[in-house]
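K.L.:
Could you put the whole structure together from the sequences, leaning on the hints where they help?
Number of protein chains: 2
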Amino acid sequence: MQSLQEKASEWSGVDSADAFAIDSTNLFQKLGLQAFINLSTNFYTRVYDDEEEEWFRSIFANSKKEEAIQNQYEFFVQRMGGPPLYSQRKGHPALIGRHRPFPVTHRAAERWLHHMQNALDSTPEIDPESKVIMMNFLRHTAFFLVAGDELKNPKSTSPV
Amino acid sequence: MQSLQEKASEWSGVDSADAFAIDSTNLFQKLGLQAFINLSTNFYTRVYDDEEEEWFRSIFANSKKEEAIQNQYEFFVQRMGGPPLYSQRKGHPALIGRHRPFPVTHRAAERWLHHMQNALDSTPEIDPESKVIMMNFLRHTAFFLVAGDELKNPKSTSPV
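Protein chains in written order, with numbering that gives the first Met the number 0: chain A, 0 to 159; chain B, 0 to 159.
Since the hints were made in silico from the structure, they are not lab data.
Every value quoted in this text rests on a predicted model; they were computed, and no experiment measured them.
Accuracy of the hints is not assured; some may be wrong.
Straight-line alpha carbon distances no greater than 20 Å define the calculated EDC-like cross-link-like pairs of lysine to aspartate or glutamate that follow [said to hold, decoys possible]:
| # | chain 1 | residue 1 | chain 2 | residue 2 |
| --- | --- | --- | --- | --- |
| 1 | B | Lys63 | B | Asp48 |
| 2 | A | Lys130 | A | Asp120 |
| 3 | A | Lys89 | B | Asp17 |
| 4 | A | Lys89 | B | Asp126 |
| 5 | B | Lys89 | A | Glu53 |
| 6 | A | Lys151 | A | Glu5 |
| 7 | A | Lys151 | B | Glu149 |
| 8 | A | Lys89 | B | Glu5 |
| 9 | B | Lys89 | A | Glu5 |
| 10 | B | Lys89 | A | Asp49 |
| 11 | B | Lys6 | B | Glu109 |
| 12 | B | Lys6 | B | Asp17 |
| 13 | B | Lys29 | B | Asp14 |
| 14 | B | Lys64 | B | Glu50 |
| 15 | B | Lys64 | B | Glu52 |
| 16 | A | Lys89 | B | Glu149 |
| 17 | B | Lys130 | B | Asp120 |
| 18 | B | Lys89 | A | Asp17 |
| 19 | A | Lys63 | A | Glu50 |
| 20 | B | Lys29 | B | Asp126 |
| 21 | B | Lys151 | A | Glu149 |
| 22 | A | Lys63 | A | Glu52 |
| 23 | A | Lys6 | A | Asp17 |
| 24 | A | Lys63 | A | Asp49 |
| 25 | B | Lys6 | B | Glu149 |
| 26 | B | Lys29 | B | Asp120 |
| 27 | B | Lys151 | B | Glu5 |
| 28 | A | Lys130 | A | Glu149 |
| 29 | A | Lys89 | B | Asp14 |
| 30 | B | Lys89 | A | Glu50 |
| 31 | A | Lys89 | B | Glu51 |
| 32 | B | Lys64 | B | Glu51 |
| 33 | A | Lys89 | A | Glu50 |
| 34 | B | Lys89 | A | Asp14 |
| 35 | B | Lys89 | B | Glu65 |
| 36 | A | Lys63 | A | Glu53 |
| 37 | A | Lys64 | A | Asp48 |
P.N.:
Laid out in structure tokens, this is it:
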């Protein structure tokens, strides 16, 4: 049976060495807190305004935008070399467990990544090299969560 | 509704500030790799030899002892200030997701902690102050996972 990590690599097209290159640099020291706040604000502004793909926006219908922004940038800061803001407030990231209420399908992962790429493109505080490192990590992670989501229904076939 | 973090604090008796004091020091730098290997070896030797509580040992029946030891010390090293050994090999810790196959009840958490306290007591490479910091983190985390386990059956009452 394929591991979560193997599925994430296969589906994302990003091998785990490239995904976890995030740990070979300290993006928080390089970019600073405000870059992460701006990125997550850009991202969720796009998500909550997603009128092309209503099904995707509806996933976030029960979450407050401000809270979603804070959860995300605090996790990014903590995971990318900064202070453990997320865990101090909410405990372990527990990425699969916390995504359990949501339908994290292949299609949802691609839509999430579409908005994230656009958010990165509109965040000039983040340099191009850091953007590549972040997207490799985020693309791999998105499909790691798709693999985690399928644990809920282990016998179903993968959605396309 | 109580959050995972609130349940973990209530059930463990450890508030989150004490649990995440783990991030205010660097236990890996202080203790070194071998201390973590010894701790996890001590721990799983106790678990796999648990003849008093056969139900607890049986939770690990399908896992190889050597692999369980490596998974645990690599996670501890990564979480306590060392290199990201766990993520390089297996990806995100995803603590709740990865514990999904196991019955993480209140009783199982207490038995896990019983063995961990004994393992710490028999690991002289770890100083008493570090042991307290680690146990606060581990006790809180064990009950965080009990809270995570209950997500699988959200309407059931808590097992005692």
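K.L.:
Out of the numbered hints, which ones does the structure contradict?
P.N.:
4, 5, 10, 13, 28, 30, 31, 33
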